[in-house]
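Chains A and B are the protein sequences, given in the same order. Each residue of the first sequence is one higher than the one before, starting from 146 at the first, in the numbering used here. Each residue of the second sequence is one higher than the one before, starting from 311 at the first, in the numbering used here.
None of these hints come from the bench; they were simulated from the model. It is possible that some hints are incorrect.
[Stated by the list, open to error] With a Cα cut of at most 27 angstroms, we get these calculated DSSO-like pairs of lysine-lysine:
#: 1; chain 1: A; residue 1: Lys187; chain 2: A; residue 2: Lys147
#: 2; chain 1: B; residue 1: Lys319; chain 2: B; residue 2: Lys381
#: 3; chain 1: A; residue 1: Lys187; chain 2: B; residue 2: Lys324
#: 4; chain 1: B; residue 1: Lys381; chain 2: A; residue 2: Lys187
#: 5; chain 1: A; residue 1: Lys212; chain 2: A; residue 2: Lys201
#: 6; chain 1: A; residue 1: Lys187; chain 2: B; residue 2: Lys367
#: 7; chain 1: B; residue 1: Lys324; chain 2: B; residue 2: Lys367
#: 8; chain 1: B; residue 1: Lys367; chain 2: B; residue 2: Lys381
#: 9; chain 1: A; residue 1: Lys147; chain 2: B; residue 2: Lys367
#: 10; chain 1: A; residue 1: Lys147; chain 2: A; residue 2: Lys212
#: 11; chain 1: B; residue 1: Lys319; chain 2: A; residue 2: Lys187
#: 12; chain 1: A; residue 1: Lys147; chain 2: A; residue 2: Lys201
#: 13; chain 1: B; residue 1: Lys319; chain 2: B; residue 2: Lys367
[As the list claims (entries may be wrong)] What follows is a set of in silico ranges between Cβ atoms, one per label pair, in the way DEER data are often shown:
#: 14; chain 1: B; residue 1: Val398; chain 2: A; residue 2: Asn152; range: 14 to 24 angstroms
#: 15; chain 1: B; residue 1: Val420; chain 2: A; residue 2: Asp223; range: 42 to 52 angstroms
#: 16; chain 1: B; residue 1: Met329; chain 2: A; residue 2: Ser171; range: 29 to 39 angstroms
#: 17; chain 1: A; residue 1: Ser185; chain 2: B; residue 2: Ala392; range: 20 to 30 angstroms
#: 18; chain 1: B; residue 1: Val420; chain 2: A; residue 2: Ser185; range: 20 to 30 angstroms
#: 19; chain 1: A; residue 1: Arg222; chain 2: B; residue 2: Ser377; range: 42 to 52 angstroms
#: 20; chain 1: A; residue 1: Gly199; chain 2: B; residue 2: Arg387; range: 42 to 52 angstroms
#: 21; chain 1: A; residue 1: Glu202; chain 2: B; residue 2: Ser390; range: 42 to 52 angstroms
#: 22; chain 1: B; residue 1: Gln327; chain 2: A; residue 2: Asn198; range: 45 to 55 angstroms
#: 23; chain 1: B; residue 1: Ser361; chain 2: A; residue 2: Ile163; range: 41 to 51 angstroms
#: 24; chain 1: A; residue 1: Ser255; chain 2: B; residue 2: Gly373; range: 39 to 49 angstroms
Don't be surprised by glycine CBs; every beta carbon is placed ideally from N, CA and C.
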Amino acid sequence: QKEVEQNSGPLSVPEGAIASLNCTYSDRGSQSFFWYRQYSGKSPELIMSIYSNGDKEDGRFTAQLNKASQYVSLLIRDSQPSDSATYLCAVPFSGYSTLTFGKGTMLLVSP
Amino acid sequence: NAGVTQTPKFQVLKTGQSMTLQCAQDMNHNSMYWYRQDPGMGLRLIYYSASEGTTDKGEVPNGYNVSRLNKREFSLRLESAAPSQTSVYFCASPSNTEAFFGQGTRLTVV
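Please model the complete structure; the sequences and the hints are all you need to start from.
Structure representation (C-alpha cells):
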C-alpha cells in the first residue's frame, strides 16, 4: 500500500513565525521526496526536493528528512501571508515511476 | 516555453456525455500523468504513460481512457460522464527532478 500522510490542517501561524509541516510515508525504499505548494485555484509548483537524510535549506525553506522514521518535514521561517497555500508532500515509491501525493496541509499566515 | 498545456480550462457536461481533455508538453519528457483532485482527497493518479506508446492504470482509472498520441500529447477521455467525475484534472510531465503541471481543467458533471 502506497501511503503518504499529512495533517490536513489548517495550520494557522502569525506573520513572522515558523511554520512546520509534516509528512510520513509508507515505503521504506523511497529515495526522493518533494514538497509542492498549491495556491487556491492554481496548479502545484515544486518548492523543495530532498534525497538525503538531514536538512536542506533554500532561502526561508528547510526540508528535513529522516528515512529511518519515514518522515519528511518542511519548515518555513519568517512566514508571510503570501505563504498561505496548501502544501503537498510527494513521494515516488520504489518500483513505481509515478508520484504519490499526500492530501496536503493548508497553511494560513495571518498578518 | 509553455511547459505543459491543458485544454479546456473549464467544462460543464451533462451526465452521459463524453469529452476529451487534451494535454501537451514541449519539454521532450518521456512520462506524462493524469491526476484528479477532489476536496480533502489530494491528487490521485488516474492513468500514466511512462513512454510513447505505453499507458498504465493509476489509482482511480475507472470511467476513463487515455491515449498517448505521440511523445508530446496525452489525452484523457470520459466516455459517459458521471457526477462522481466532477473534479479538477491535472496533467503533469516529470523530469528527473520534478513534475511540471498544467493549469488544470475544472470539470462539472450535472
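Here is how each hint holds up against the structure:
Taken as a hint, the A:Lys187 and A:Lys147 pair is honoured in the structure, with Cα atoms around 26 angstroms apart against an allowance of 27 angstroms. Of the supplied pair hints, the one linking B:Lys319 and B:Lys381 holds, its CA atoms being roughly 22 angstroms apart against a limit of 27 angstroms. This hinted pair checks out: A:Lys187 and B:Lys324 have alpha carbons roughly 25 angstroms apart, not beyond 27 angstroms. Between the alpha carbons of B:Lys381 and A:Lys187 the distance comes to roughly 25 angstroms, so the proposed pair stays at or under 27 angstroms and holds.
Distance hint between A:Lys212 and A:Lys201 is fulfilled; the C-alpha atoms sit about 14 angstroms from each other, no more than 27 angstroms. Annotation: proposed proximity of A:Lys187 to B:Lys367 holds, straight-line Cα distance about 25 angstroms (limit 27 angstroms). Proximity of B:Lys324 to B:Lys367 is assessed by CA-CA distance (about 25 angstroms); at most 27 angstroms being required, the pair is judged to hold. Under the criterion of a C-alpha separation no larger than 27 angstroms, the hint pairing B:Lys367 with B:Lys381 is consistent with the structure, at around 18 angstroms.
With a C-alpha separation of about 15 angstroms, the suggested pairing of A:Lys147 with B:Lys367 holds against the 27 angstroms cut-off. Among the hinted pairs, A:Lys147 with A:Lys212 is consistent with the structure: their alpha-carbon atoms are about 16 angstroms apart, no more than 27 angstroms. At roughly 11 angstroms between alpha-carbon atoms, B:Lys319 and A:Lys187 fall within 27 angstroms of each other, so this suggested pair holds. At roughly 25 angstroms between alpha-carbon atoms, A:Lys147 and A:Lys201 fall within 27 angstroms of each other, so this suggested pair holds.
Proposed proximity of B:Lys319 and B:Lys367 is supported: the alpha carbons are some 24 angstroms apart, at most 27 angstroms. B:Val398 and A:Asn152 have their C-beta atoms about 22 angstroms apart, which keeps the hinted 14 to 24 angstroms range intact. At roughly 45 angstroms, the beta-carbon separation of B:Val420 and A:Asp223 lies within the given 42 to 52 angstroms, and the hint holds. Roughly 35 angstroms separates the CB atoms of B:Met329 and A:Ser171, a value that falls within the hinted 29 to 39 angstroms.
At about 26 angstroms, the CB distance of A:Ser185 to B:Ala392 agrees with the hint of 20 to 30 angstroms. A C-beta distance of roughly 23 angstroms is found between B:Val420 and A:Ser185, which places it inside the suggested range of 20 to 30 angstroms. The given range of 42 to 52 angstroms is respected by A:Arg222 and B:Ser377, whose C-beta atoms sit roughly 45 angstroms from each other. Take A:Gly199 and B:Arg387: their Cβ atoms lie about 45 angstroms apart, and the range 42 to 52 angstroms holds.
For the pair A:Glu202 and B:Ser390, the beta carbons lie near 50 angstroms from each other, so the given range of 42 to 52 angstroms is met. One distance hint, 45 to 55 angstroms for the beta-carbon pair B:Gln327 and A:Asn198, holds here, with the actual separation near 51 angstroms. Separated by about 42 angstroms at the C-beta atoms, B:Ser361 and A:Ile163 satisfy the suggested range of 41 to 51 angstroms. Taking 39 to 49 angstroms as the suggested C-beta distance range, the pair A:Ser255 and B:Gly373 conforms, at roughly 41 angstroms.
Violated hints are absent here; each numbered hint is respected by the structure.
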